[in-house]
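We have chain X; now place chain Y onto it with these hints.
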Amino acid sequence: MSRTPRGDADAAFELLAAFVAEIPALPWFVAAGGTLTPSAIADAEAYVAALGLAPCAVAPVAGWRAATEIAQRPDWSRDWWQAESAREKALHRQGAARFGLAPLLAALTDVTETAAVLRDRAADVLGRAGVEDEALAKVAGGAAAQACHQRALALLAGGDAGRAFAAKYALFAAGRWPLGIVGGTCFVF
Amino acid sequence: MSAISAAPIKSVDALKAAPEDYQLAVRKIVRSHAVNELYGARVYDEPAIALAPTPYLKWLTCRIAMEEYGHHVRFRQLGEQMGIPDAELTPEGRKPLSIFEFPLKTWEEFCVVKLLADLAEIIQVEDLMKCSFLPLRNLAKMTMPEEIFHSQFGKDTCTELVKTAEGRKKVQAAIDHYFPMMPAFFGRKDSANNALYRKYGIKQHTNEDMRADFLKRVRALVEGHLKLKLPEVAEAA
Chain X
1 MSRTPRGDAD AAFELLAAFV AEIPALPWFV AAGGTLTPSA IADAEAYVAA LGLAPCAVAP
61 VAGWRAATEI AQRPDWSRDW WQAESAREKA LHRQGAARFG LAPLLAALTD VTETAAVLRD
121 RAADVLGRAG VEDEALAKVA GGAAAQACHQ RALALLAGGD AGRAFAAKYA LFAAGRWPLG
181 IVGGTCFVF
Chain Y
190 MSAISAAPIK SVDALKAAPE DYQLAVRKIV RSHAVNELYG ARVYDEPAIA LAPTPYLKWL
250 TCRIAMEEYG HHVRFRQLGE QMGIPDAELT PEGRKPLSIF EFPLKTWEEF CVVKLLADLA
310 EIIQVEDLMK CSFLPLRNLA KMTMPEEIFH SQFGKDTCTE LVKTAEGRKK VQAAIDHYFP
370 MMPAFFGRKD SANNALYRKY GIKQHTNEDM RADFLKRVRA LVEGHLKLKL PEVAEAA
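Heads up: the sequence lines are chains X and Y, in that order. Taken in order, the first sequence gives residues 1 to 189; the numbers are from our numbering. Taken in order, the second sequence gives residues 190 to 426; the numbers are from our numbering.
Next up, chain X with everything else stripped away, as it sits in the complex (with noise of 0.2 Å):
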């Protein structure tokens, strides 16, 4: 974090040092396929709430070959991803009138180098599933990598703007990777 800027951004800029420590030490993926606890279904739940969509069905995927199938089909809800899209661009607007635009890119690339070995940690854990697709290990790290983007973009911008990624970041942060909302139903691995 040593290229931040200080000043009166101390406070966000801890947390978000310390939202960077978290992540390799965090479970990734190590959940998924487990069955759904409350408090997953919880975090879910939040997750569509939070994003302004309707409520709808939280549903388990059983493995790595049927978590592939739920992301590839065609019945993905296009809003779902839009409305996780706008709020990321509010979220910058806000992180870039707070700290500025030069100082905010700096910090979320310490994000993005920081999570670029969550591919490492999918191909791991697909590893010890008998998994071995590269490609698989690369799109888990991408969506986690995006989560880490899209939270630390809430811990910048400050305020509860960006709740829908807290609660979909603690899903990954549990070992778990939302799938998104598929057929009208939020898939969470």
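Worth flagging that the hints you see were computed from the coordinates, not collected in a lab. As the structure is a computational prediction, the values presented were derived from the model and not from experiment. Fair warning: there could be bad hints in the mix.
No more than 25 Å apart at the CA atoms, straight line, and that leaves these computed lysine to aspartate or glutamate pairs for DMTMM-like [said to hold, decoys possible]:
#, chain 1, residue 1, chain 2, residue 2
1, X, 89, X, 14
2, Y, 330, X, 113
3, Y, 344, X, 132
4, Y, 284, Y, 355
5, X, 89, Y, 281
6, Y, 378, Y, 402
7, Y, 330, Y, 412
8, Y, 319, Y, 235
9, Y, 359, X, 120
10, Y, 294, X, 79
11, Y, 344, X, 134
12, Y, 330, X, 124
13, Y, 359, Y, 277
14, X, 89, X, 133
15, X, 89, Y, 235
16, Y, 330, X, 132
17, Y, 330, X, 88
18, Y, 359, Y, 412
19, Y, 344, X, 133
20, Y, 352, X, 79
21, Y, 217, Y, 402
22, Y, 418, Y, 398
23, Y, 330, X, 75
24, Y, 284, Y, 349
25, Y, 330, X, 120
26, Y, 217, Y, 277
27, Y, 352, X, 133
28, Y, 344, X, 120
29, Y, 294, X, 88
30, Y, 199, Y, 269
31, Y, 352, X, 69
32, Y, 294, X, 75
33, Y, 294, X, 124
34, Y, 352, X, 134
35, Y, 344, X, 84
Have a look at the derived ranges for each label pair, beta carbon to beta carbon [as the list claims (entries may be wrong)]:
#, chain 1, residue 1, chain 2, residue 2, range
36, Y, 216, X, 132, 48 to 54 Å
37, X, 113, Y, 369, 47 to 53 Å
38, X, 39, Y, 291, 34 to 40 Å
39, X, 100, Y, 331, 31 to 37 Å
40, X, 53, Y, 421, 48 to 54 Å
Cβ atoms here follow ideal geometry from the backbone N, Cα and C, with glycine treated the same way.
Okay, now just chain Y, sitting in the frame of chain X:
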């Protein structure tokens, strides 16, 4: 210009004792890779996330963008160690390749860019795998597996796309648009820079040789594998 047989240069510190034109040559290559990896990520990989047709492909494209950006970071770090000013290691300070001047509009275009431009990148990086400046050789070895994956991604996605008539038409249109820019990617014929690179064993092949290798491999991919047509282009830049 005949090649000079010399011991490899093992570190950035050792580079300081190398001939001035050797140092200059290495700087040019490191700068070019740092600038183009970043610009490519910005104008192709990041915008492609929005264009990708499924969450699976969106997340895979996120990862590819991160990897391309990561290549920039590695070349930039080497450049910084070599004392190249920061401003010269980003597109704002140096002009990127001309292929990047055409903004991405469709998913099919992105797949074709990965098919064509990442194959061209592989050929350039392969040439650095025996580079006499070992930090650059090591960087080439480090980035090569990801470059191979990106190129394979281009091949796999184009292979899927051409299974439909509409996809086939769009992939052919993207090839018609981007392929004519590719031969220039390898630099001018009889380039003085390239002669200097080969004199010192920084690079092994002429621009013409690498261009010919690219054309042979891309023809096999586009005409042999995808059963599409490569437009006629002037092979010498």
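Hint-by-hint comparison with the structure:
Taking the CA atoms of residue 89 of chain X and residue 14 of chain X, the gap is near 23 Å; set against the 25 Å cutoff, the hint holds. Annotation: proposed proximity of residue 330 of chain Y to residue 113 of chain X holds, straight-line Cα distance about 20 Å (limit 25 Å). For the hint pairing residue 344 of chain Y with residue 132 of chain X, the CA-to-CA distance comes to about 20 Å; that is within 25 Å, so the pair holds. Proximity of residue 284 of chain Y to residue 355 of chain Y is assessed by CA-CA distance (about 36 Å); at most 25 Å being required, the pair is judged violated.
For the proposed pair residue 89 of chain X and residue 281 of chain Y, the alpha carbon gap of about 24 Å is at most 25 Å, so the pair holds. The straight-line distance between the Cα atoms of residue 378 of chain Y and residue 402 of chain Y is roughly 14 Å, inside the 25 Å bound, and the hint therefore holds. Of the supplied pair hints, the one linking residue 330 of chain Y and residue 412 of chain Y is violated, its CA atoms being roughly 29 Å apart against a limit of 25 Å. A C-alpha spacing of about 32 Å is found between residue 319 of chain Y and residue 235 of chain Y, which places the hinted pair above 25 Å, so the restraint is violated.
Between the alpha carbons of residue 359 of chain Y and residue 120 of chain X the distance comes to roughly 35 Å, so the proposed pair goes past 25 Å and is violated. Between residue 294 of chain Y and residue 79 of chain X, the direct Cα distance comes to roughly 21 Å. Compliance with the 25 Å bound is thereby established for this hinted pair. A distance of roughly 15 Å separates the Cα atoms of residue 344 of chain Y and residue 134 of chain X; the hinted pair therefore holds under the 25 Å criterion. As the CA atoms of residue 330 of chain Y and residue 124 of chain X are separated by approximately 22 Å, the hinted pair is consistent with the 25 Å bound.
Only pairs whose Cα atoms come within 25 Å are accepted, and residue 359 of chain Y paired with residue 277 of chain Y is rejected, the gap being roughly 37 Å. A C-alpha spacing of about 32 Å is found between residue 89 of chain X and residue 133 of chain X, which places the hinted pair above 25 Å, so the restraint is violated. Simply put, residue 89 of chain X and residue 235 of chain Y have alpha-carbon atoms about 14 Å apart, close enough for the 25 Å limit, and the pair holds. Straight-line distance between C-alpha atoms of residue 330 of chain Y and residue 132 of chain X comes to about 23 Å, which keeps the hinted pair within the 25 Å bound.
Of the supplied pair hints, the one linking residue 330 of chain Y and residue 88 of chain X is violated, its CA atoms being roughly 36 Å apart against a limit of 25 Å. Between residue 359 of chain Y and residue 412 of chain Y the CA atoms are separated by roughly 15 Å; this keeps the pair inside 25 Å, and the hint holds. For the suggested pair residue 344 of chain Y and residue 133 of chain X, the alpha carbons sit about 17 Å apart, so the restraint of at most 25 Å is met. Restraint check for residue 352 of chain Y and residue 79 of chain X: not satisfied, since their Cα atoms lie roughly 28 Å apart, outside the 25 Å limit.
This hinted pair checks out: residue 217 of chain Y and residue 402 of chain Y have alpha carbons roughly 23 Å apart, not beyond 25 Å. For the hint linking residue 418 of chain Y to residue 398 of chain Y, the alpha-carbon distance of about 22 Å falls within 25 Å, and the restraint holds. Between residue 330 of chain Y and residue 75 of chain X the CA atoms are separated by roughly 40 Å; this puts the pair beyond 25 Å, and the hint is violated. About 35 Å separates the Cα atoms of residue 284 of chain Y and residue 349 of chain Y, which puts this hinted pair outside 25 Å; it is violated.
Taken as a hint, the residue 330 of chain Y and residue 120 of chain X pair is honoured in the structure, with Cα atoms around 18 Å apart against an allowance of 25 Å. This hinted pair checks out: residue 217 of chain Y and residue 277 of chain Y have alpha carbons roughly 10 Å apart, not beyond 25 Å. Under the criterion of a C-alpha separation no larger than 25 Å, the hint pairing residue 352 of chain Y with residue 133 of chain X is consistent with the structure, at around 23 Å. Under the criterion of a C-alpha separation no larger than 25 Å, the hint pairing residue 344 of chain Y with residue 120 of chain X is consistent with the structure, at around 24 Å.
A C-alpha spacing of about 22 Å is found between residue 294 of chain Y and residue 88 of chain X, which places the hinted pair at or below 25 Å, so the restraint holds. A C-alpha spacing of about 17 Å is found between residue 199 of chain Y and residue 269 of chain Y, which places the hinted pair at or below 25 Å, so the restraint holds. With a C-alpha separation of about 19 Å, the suggested pairing of residue 352 of chain Y with residue 69 of chain X holds against the 25 Å cut-off. Pair hint residue 294 of chain Y plus residue 75 of chain X holds up; C-alpha atoms about 23 Å apart against a cutoff of 25 Å.
The suggested pairing of residue 294 of chain Y with residue 124 of chain X is violated, with an alpha-carbon distance near 36 Å, which exceeds 25 Å. Restraint check for residue 352 of chain Y and residue 134 of chain X: the C-alpha separation of about 24 Å stays at or below 25 Å, so the hint holds. Of the pairs offered as hints, the one joining residue 344 of chain Y and residue 84 of chain X is violated, with about 30 Å between alpha carbons and a cut-off of 25 Å exceeded. The given range of 48 to 54 Å is broken by residue 216 of chain Y and residue 132 of chain X, whose C-beta atoms sit roughly 41 Å from each other.
Residue 113 of chain X and residue 369 of chain Y have their C-beta atoms about 36 Å apart, which leaves the hinted 47 to 53 Å range violated. For the pair residue 39 of chain X and residue 291 of chain Y, the supplied restraint of 34 to 40 Å is violated, since their beta-carbon distance comes to about 48 Å. At roughly 33 Å, the beta-carbon separation of residue 100 of chain X and residue 331 of chain Y lies within the given 31 to 37 Å, and the hint holds. Distance hint check for residue 53 of chain X and residue 421 of chain Y: the Cβ-Cβ separation is about 51 Å, which falls inside the suggested range of 48 to 54 Å.
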